[in-house]
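Starting from the structure of chain A, add chain B where the hints point.
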Amino acid sequence: MTFRELHDDPCDNCEEMLQPYLDRELTTMERAEAEAHLDTCEYCRRRYRFEVELRRYVRQAVVEPMAPELKERLSSLRTPL
Amino acid sequence: MGEPSPTETRQLADDARARVRFEEEALELADQVYQVARRLVGSREEAEDLMQDTYARAFRSWRSFQPGTNLRAWLLRILTNLNIDRARARQRRPQTEPLEEGDYFLYNRLAGSGGDQQPEEEERVLARLSQDGVVAALSELPHDFRDVVVLVDIGGFAYAEAAQILDIPVGTVMSRLHRGRRILKRQLAEEASDDVS
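Just so you know, the sequences run in chain order A and B. Per the working numbering, the first sequence starts with residue 65, numbered consecutively. Per the working numbering, the second sequence starts with residue 136, numbered consecutively.
Bound-form chain A, shown alone (with noise of 0.2 Å):
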């Protein structure tokens, strides 16, 4: 079954297939299917890009250094030559 046959709007369409389309995990005509759409729908161009974005931001606001101590008790756990 296409994403088509599921939803009658484009967009809902388009919604559905933002997930794996950033992914790569569309197949060829379903990425297909889903530019085509993009190529005339602002509305959902805007949030594809906001996805994009957003992942981003998430990769970035989540990074903590490791405690240096840590590093030390890590390498303390070594078999002792």
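These are computed hints drawn from the structure, not numbers from a lab. Be a bit skeptical, because a hint or two may be false.
DMTMM-like mimics (lysine to aspartate or glutamate), calculated; alpha carbons at most 25 Å apart, straight line [unchecked claim]: (1) A:135 to B:220; (2) A:135 to B:256; (3) A:135 to B:163; (4) A:135 to B:166; (5) A:135 to B:180; (6) A:135 to B:181; (7) A:135 to B:184; (8) A:135 to B:183; (9) A:135 to B:232.
Some, not all, of what chain B presents toward chain A, calculated at C-beta under 10 Å [as the list claims (entries may be wrong)]: (10) 159; (11) 241; (12) 265.
For glycine and all other residues, C-beta sits at the position ideal for the given N, C-alpha and C.
Below, chain B alone, put in the same frame as chain A:
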């Protein structure tokens, strides 16, 4: 038992070298493993404990690592297994089924009622989120969803690698990821509206 033969001595030396190389490579990956560990659990202390247990176990069972395969994934497999054991030991109360919305929900909420009549740059919409809000929303995700979202979106693992690490089918990774991201977006929308009020 007598003295080891020259062959045995050479084998022991090779073995020791291989172990040292393994330990060094594992330690070089510690920062990257920590980034995932930190988001799988609620606190820095828990993440540090988990890292120590993981490395202790990895160093003990280094022989079961197949050289040439993905060491970071191997370490994270140990780590996620330990984390599942810990979660079971804590016997968390059953979580209520989290609410999720569609994928456009967060943008629509953040862009507000003006929506598409007044074009807004995506970056400006995104600026309504805070880093703390993202961290909090991620930590609120139920375990099953969080494990997958963290491995794929933070750890950068492919679906198949995440499936191997968590020992679940790829289809389950996909559905948990899909739902997990949607739940996360709903939580981010809530965090953002809490900040406004």
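Q. Can you list which hints this structure breaks, lowest number first?
A. Result: hints 2 and 9 break, sorted rising.
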